[in-house]
Amino acid sequence: MNVTDQDLQYFISALKNYTKYDFSDYSDKSLKRRVEKVLADRNLDVAGLITSVKNSQDFAETIVKEITVNTTELFRDPQTWHLLRSRILPRFKNNKNINIWHAGCSTGQEVYSMMILLHEMELFDKAKIFATDLNSDVLEAAKKGQYKYRFNIGYLDNFDKVIKQNPLNYEEFNDVPYEKYFEIDKAKDTITMKKFLTEKPIFRKHDLVKDGNLFFAKFDLILCRNVIIYFNYNLQNKVFELFHSNLYPKGCLLLGMHETILGPWATKFEKIGQAYVKK
Amino acid sequence: MNQLKGMNFLRNLKMGQRIQLFVFLTVVATYTMSGIVLSYLSVSRAKSTSEKQMSVYVDNLEGMIDLQESITKNGLDQADFSALKNHFYKAAFHKTDFPFILSNNGKYLLHITKEDQRIPKDLFIQISNNPDKRGYLTIESAKGTEVIYYKYLSNYDIYLGISTPDSEVIESVAQNRSVMILVVIIAISLFFVIVSLIIKPITRTIQQVNSSIKKMALGLEGDRLERIQNDELGQIIGSLNTLTEGLSRTSHFAKELGNKHLNAEFSPLSTDDILGNSLLAMRDSLKVAEQEEKRRKQEDETRSWITSGLAMFGDILRQNNNNLSHLADSVTQNLVNYLNANQGGLFIYNNEDTSNPHLELVSAFAYNRKKFFEKTIALNEGLIGTCAVEKNTIYLKEIPSGYIAITSGLGEATPTSLLIVPLKLEDTIFGVIEIASFTEFNQHEIEFVEKIGESIASTLYSVKNAIRTNQLLEQSQQQREEMAAQEEEMRQNMEEMQATQEEMARKTIEMEGISKAIDQALIYCELDEEANIFLPNDNLAVAMGYPKHELDGLNLSELVHISNKKEIAAIRNEIAQGSPYKGTLRMLTRDGIDLYLHINVSPTFDDMGGIYKIILIGQDITESKLLEIKAQKQADEIEANLAELQAEQEIARMKENDIKGLLQALDTTCLITEIELSGKITYINNKNVETLGDPKDKIEGKYHRDLDGLAKKSPKDYEAFWNSLLSGISQNRVFSLTVNGLEKWISEHYTPVTDDNGNVTKVINIGFDITDSKEKEKEMQRLISEIAQLKKDNNK
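Protein chains in written order, with this note's numbering: chain A, 435 to 713; chain B, 545 to 1340.
What the hints contain is simulated information worked out from the structure, not anything from laboratory work.
Watch out, some of these pointers could steer you wrong.
The following label-pair restraints were derived from C-beta to C-beta distances [what the hints assert, rightly or not]:
| no. | chain 1 | residue 1 | chain 2 | residue 2 | range |
| --- | --- | --- | --- | --- | --- |
| 1 | A | I618 | B | K1008 | 45 to 55 angstroms |
| 2 | B | T920 | A | K598 | 28 to 38 angstroms |
| 3 | B | L1170 | A | E606 | 33 to 43 angstroms |
| 4 | A | R584 | B | K1008 | 53 to 63 angstroms |
| 5 | B | T1133 | A | N529 | 50 to 60 angstroms |
None of these values were measured; they are calculated from a predicted model.
Ideal Cβ placement from N, Cα and C applies to all residues, glycine included.
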C-alpha cells in the first residue's frame, strides 16, 4: 500500500484534529513507511485508517503505538556507555543528586542499563531516574522490567563489554554476575530486573512534541537516543531547545550514535565525544 | 327372659357373692331340712314316747284298778269308780290327756267329762274288734287329732284307755322347734359372718389375681402380689408372681433384643421355658444374623468404598487431565485422604532422556500438606525403583528406619506401613505411587490402589500425550508470536536504520552545503598537530598568493609574520590540550604583503576523545585590520581617542572570540541566509536577526527579491545576479542599509549549493557585518578631516 504525501498529510491532520498527537513535524519519509506498514498489517487503506482514527480514540492510540519505533537494547552501542562511564558520569561524582531523564525510554533497557552502570559506579543512590515515552504500552513493559531472554541474549555481551571489561585497560575485568541485577530464567525465556531497579525510576507518558518538562526538576543528564531521527529539522531544534533549557549548566545531552545537533543549538553545547555538554 | 336374666345375674355375680349366696342357701336348706327332719323325728318320737307313756300309764291305772278292786272286792262298782276318780280326773302327762274307762258297750264309765257318754260306735267297733285287746287309735276330734290307747281288761270287762291330743304331745316339740329355729338363725348368721370373714380376703386376693391376670391378658405387666397365705391361693400368687416376674424378665429381654442388645443377660424361667428358650434361640439366630449383617455391611461398605473411590478418582482423573502437576497433586492428596493414610508421593516415569530413564517425584503430601522437594530415582534404585522395574506392588508392614524423609514437625508419630504400587498400563510403567500410613492396609485397599494405579497410568498416558501435543502447539504458537515479534523488531530496527540513514544523508547534504559555503566564503585548511597545513582551499591559496600544492605541507609558522611566530606555539599548545584556538594572525603573503587573518583552529575528536582532525577556518580581515591599524596609528597620534580605539580593539577581539570553530564561527559571526531556488528565504540565523533587526518570521518565507535593495533599484542587475547564482556561480557584494536609524554595511557571499549531480539545490548567503570597518573608515576620515581642520586651525 503506497502512501502519498497527500495521504500522509490527511492522516497527520486527522491525528492532530481528533487526538492529542501531532505528527506534523515528524520525518515524513519515516512516518510514511510506518503508516504503510500499519496499513499492510491491518489490511486497510488510508481513508479507512483515517475514518477509524476519527471514530475511536483507542484505535488512534493503538495506531500511534504501532507507528512509533521502540528499538532499544541493553547497553546499546557499548562505546556510548564507555563514554558515559569514563567521561560523562564521573563529572557528576561530587554532585549531591544526579537527575537523569531518559526521553523516549521505550521498553526501558536503556534505563536499566543506566541504573546498572550507576550502581557499578556507586552513584546509584545519588541518582534520580526519570523516564518517559509516548507509548504507554512500552512504558508498562519498562515498569515491569521483564524481557525475553532469547531476544536479548546477544545484548548480554554488551553488559560484559560495558560492565565487566574496560576498553581503556583490557587487563581489567570485573566479574559482575548478572544475578546482581537481573534473574535469567531460560525455561520461561525471561530476563527479570531486580526489584531494587524496577522500583527506582519514575515512568511517565510524555510527548516530546508538546509536553515540555513533566518533572519539576532540571537534569544533569538527558538521554534521547535514536528519537530525533524520526523528527524533522524543525522539531529537532524544538526538542534541543527543550533539552537545553532543562539541563543544568554543564549538564549533558546524549543523542544516538548517528544523531548530531546541527543548526542554531549546536553552539549552545560543547561536544565531548558523542555527548553534548551545555555551555 | 327372666330365666336368662337370672342366669346373667348369676353369671355376673362376683365369686365372693356367689360363694356367699351358695353357702347361705345351702346352709338355710340344710338347716331347714335338718330342722324339719328333727322336728318330724322329735314329733314321731314324742308320739311314740307318748304312746309308750300312755301304755305305761294305762298299765299303772290297771294296777290301781286292780288295787282298788282288791280293796273292795265285789267287782267294780260305783264306789270303785269314785275312788278311782282321783286318778282319772287328772291329766296324765299333758293338759287334757285324761284316762277313761269304757264299758264293754262303749260307755264311758269313768272320764272327767264324758262320763256316761258313749264312744262313737265305729271307734268302739275298732276297739272291740281288735283281737290284741290293746292298741292305738287315731281319731279326729274337735280337739284335733287324738291318739287313743286302749286295753281291754278282761277281769273287769272294761276297756281302759287314754286319749292324748297330738297337739299337746307336739307342744313341747314345738317349743323345741322355736328354740331350734332361733339357734339355726344364729348359727346361720354366725356361719355367714364366718364365711364372709374367711371368703373376703380370698376373694380380694382372687380379685387381685384376677386383675393381674387381666392385665397380663392385655399384655401388660402383672402386679406383684403379696403372698399372705401358704394355701393353694398362696401358691397361685406365688406362681403368679413367678409368672409375672418371668414375663417381665422375658419381656425385658425381648425388649433388649428389640433394641438389638443381643448380649443382654437372660436365663430361662426353667429348663423347659418355651418362651424363654425361644427367645434365646431367637437371640442366637439374631446374633448370627447380626454377624452376617455386619459382615455383609462390611462387604457392602468395602464395595461402596471401592466404587465411590473409583468414581471419585475417575472424576479427578478426568478433571485434571491437562496439567500433570495438578493431576498428580490431586491424585496424591485424595488418595492419601481416602486411605486415611499419612503421606504419599507420586513418581512419574520419565524416559524422555533414553540414556537415563528415571522416576521423578511430581507430588508429595504429608500430614495433609503439600511438600515441595525434588527427587529423582533411578530405575532399580531403592523400593520405588524396584517397584517400577518389577511392576509389582510392594507392601511393607514395617518401614525401614530412616526411610520416611518427612516427619511431623509437631512430633506426631511416623507411619508404620508402606505401600508402593506401580502405575502400569498393559505392562508399561508410567510411574509409582507410594503411600505410608499409621495403620496397616487392608487387602481391598491395596487392590483399590492397584486398580486406581491403572486408571492413573492410563490418564498419565493420555495427559502426557495431551501435554506433549499442547506443548508442541504452544511452542509453535509461541514461535509464531516470537517470529512476529522478531519481525516487528527487525522492521523497527530497519526503520531506525533507515531513519538514521536519512537523517545522516540530510546532515551530509547540509554539511556539504555548509562546507562548500565555507570553502567559498572563508579560508579553510586542515592542520596536523605540528600546525602543518593540509588541504588548503583556494581562498587561502589566493589570499596567500601561493599555488595550492605549495601550501600543502607548509607549516603555518612559515606563513606568519615574524612578529606572530609565537602565536603558532600557542596554537600548538592549545591543540595539544585539545582546545580550540581563536585569534588574528598577521601573515605574510608570498609577495611579502601583510595579510591579517582572523582564524579559528578547532580540533575535532573521535569518540574516545582522541584528536581526529584539526580544522583551521579563517577570514581575511586585512582590510579592516589595516584600517584598524591605521586607526590605531592615528589613535596613537591622538591620545584623546586612544581609549576609544582600545575599546574598539576590545570589540574586535570579542568579535574574534565569537568566531569559534567551523559552525559556531559561521553562525555567530556571519549572517547566514538559506534561499530556495525560487528565491524564497527558508532560514536566517540569529546573527542575521541580530544584525539586521528583522525577526525571523518576518524574513523566513519571504522572497529574496522582495527584500533585496538591488532588486528594487535595478531589477535587471538583480536578475543577472540571481541567474548567475542559479547557474552555480558564487556572488559577492556589499550593501548598506539602515537598521534602527543606524547604517549597516554588509558584505555578502552568495554560494549556490549543489547536490551530487551538480544541480543547484539552494543558495546559502554568508554575510559579514562590516559596518565597524566602514565606520572606522568613516571615523578615520572624520578624524583625518578633523585633524586637517585642527592643522588648518593650528596653521591659522
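Going down the list of hints, with the structure as the test:
1. The beta-carbon spacing between I618 of chain A and K1008 of chain B, approximately 29 angstroms, falls outside the hinted interval of 45 to 55 angstroms.
2. For the pair T920 of chain B and K598 of chain A, the beta carbons lie near 35 angstroms from each other, so the given range of 28 to 38 angstroms is met.
3. For L1170 of chain B and E606 of chain A, the Cβ-Cβ distance of about 58 angstroms falls outside the hinted range of 33 to 43 angstroms, so the restraint is violated.
4. Between R584 of chain A and K1008 of chain B the CB atoms are about 26 angstroms apart, so this pair departs from the stated range of 53 to 63 angstroms.
5. Between T1133 of chain B and N529 of chain A the beta carbons are some 53 angstroms apart, a value that agrees with the proposed interval 50 to 60 angstroms.
Of the hints listed earlier, those the structure fails to meet are numbers 1, 3 and 4, in rising order.
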